[in-house]
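There are 2 protein chains.
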Amino acid sequence: TDLRGFSGISERLTAENVVKLLNIYLGSMAQVIDRYGGSINEFIGDAILVVFGAPIFHEDAAQRAVACSLAMQMEMERVNIDCIAAGLPRLEMGIGVHTGEVIIGNIGSKRRTKYGLVGRNVNLASRVETYTVGGQVLISEATAAELGDRIETRGCFQVKPKGFASAIMIYDVFAIDGPFAVRLPVQDDELEALPQAVSLRVSVVDGKDAGGIEDIGWIEALSETRALLRTPLSLDPLVNVKLNFDPQISADDVYAKVLSRQADAPQLVQIRFTPTPAGLARALRREAETKAQ
Amino acid sequence: TDLRGFSGISERLTAENVVKLLNIYLGSMAQVIDRYGGSINEFIGDAILVVFGAPIFHEDAAQRAVACSLAMQMEMERVNIDCIAAGLPRLEMGIGVHTGEVIIGNIGSKRRTKYGLVGRNVNLASRVETYTVGGQVLISEATAAELGDRIETRGCFQVKPKGFASAIMIYDVFAIDGPFAVRLPVQDDELEALPQAVSLRVSVVDGKDAGGIEDIGWIEALSETRALLRTPLSLDPLVNVKLNFDPQISADDVYAKVLSRQADAPQLVQIRFTPTPAGLARALRREAETKAQ
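Protein chains in written order, with our numbering: chain Z, -6 to 286; chain W, -6 to 286.
If you are wondering where the hints come from, they were derived from the structure by calculation, not from laboratory data. A portion of the hints provided could be inaccurate.
In this list, chains with the same sequence are indistinguishable; a pair is considered to hold if it fits within one copy or across any two.
Unchecked claim - Here are the simulated BS3-like pairs of lysine-lysine, each with C-alpha atoms no more than 25 Å apart in a straight line:
no., residue 1, residue 2
1, 103, 13
2, 235, 153
3, 284, 235
Bound-form chain Z, shown alone:
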């Protein structure tokens, strides 16, 4: 797991509030993980590394892992109620699941060893996670193969993670059937056309270095978490972009991930904010309405 955009969020909070926020989040997640028999290997800042099927072997580890992930996403609603009650911002989480052999051992130095997890399958699990946007549970084809028709997905896409020889398929899961049945509620989040397109600067974020190619763009439609962006830049699905608006709309850099590109209109892409900046949708609508008058 990972909290989308947590670097940005934590910059705007006091140290005390960051610790409070993390403890609300991690405490709730730990309870859900416990319920599904997962074992927390590590908290790494805002990320959680969870293992199913080790040290205690579960035949149904893949089912438990996916059901647990969906339950964790549902639990985020309660986490956000607690956050808002404490005057803290909303959080959005992405989860990646992968199934495979890992190397488990006491790893470290003489004075300090830990029950460590290494190997390509650990890396692959965390790479699957990097493709998520807030609210998503993405699973690798290895996990999907174990679950067969027990799962329902919104679709799948192919990725070729760095350091891995071949491309893999990733599935966007929203429900699992069987003894651990969980189903995410359907989100009411329709794109709504703006009365007038709002212009902005778009730049491609190449991995962790945000100094990539740049061009102009226009937001044409909007929901709470997504937008329709027109830009001469050629943006493939999964590409991360940085959006810069007129300071009146948003003084901060806004980050988003390309969800899809229309085959018949390649200059039009659907993007998902990562995370959704508070108040951005409202500021954009206001701007579009002012301009349309």
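Let chain Z serve as the given structure and place chain W on it in line with the hints.
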């Protein structure tokens, strides 16, 4: 710190050997870190998160951190002697150093808390590390500012890490003066022209997804760790590339990072292998000699 290309290396070893390799490496590094008063916050797979100046405050934390990093790079020679003696592959490490305030607290769930470190400065330290190639110590401008003329560098470059508002300067350090003086030995690693250029496929690795743009290229000169690559692709410094050779030369994907581009010959870039694949330089020279005859 991070071991460059460790995913790839660990795939070719047994689980037992991966654990053995990590313990040789982490054990040696822990001793060096101890000597400079650093405190190991975390082993994350092959990565080590080290803090200087907390929980015990050191006025000279930045000096200690940089001196320790240089000493760790020097220690890698002994680690590699041990690795090779045990029939294990050579390792290459990159280190990133950053100075700034972090949030330290007991973070986690009710049943499991740890002395955790969060905040933008923790993320920035690990981002600085991602720009390294094997053998490098890169430090942020904040760390460089604390050290003034105490350090000697091979140069500096500007990066704009994702999630950070402004670009920062990064320095490639090879020596520090003063009470913790350390100097890396000069590497004898000159580029040597091949008698005949060797062709290959080059693809740009966009962050963690290696499915980017692709073209042909030619290796024109070579050292143990670097190469001169001619390609019609426009490759900026710090871009990661995947190289695919004729299977006779290398059946594996080879990864490299662009070090520099000549202003007068933009199709010619210098690259650094990440890590240097064993035997690749020899196989390339043999191929070039055969072709040149």
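Consistency of the hints with the structure:
no.	hint	result
1	103 x 13	between (34 Å within a copy, 13 Å between copies)
2	235 x 153	both (22 Å within a copy, 12 Å between copies)
3	284 x 235	within (23 Å within a copy, 47 Å between copies)
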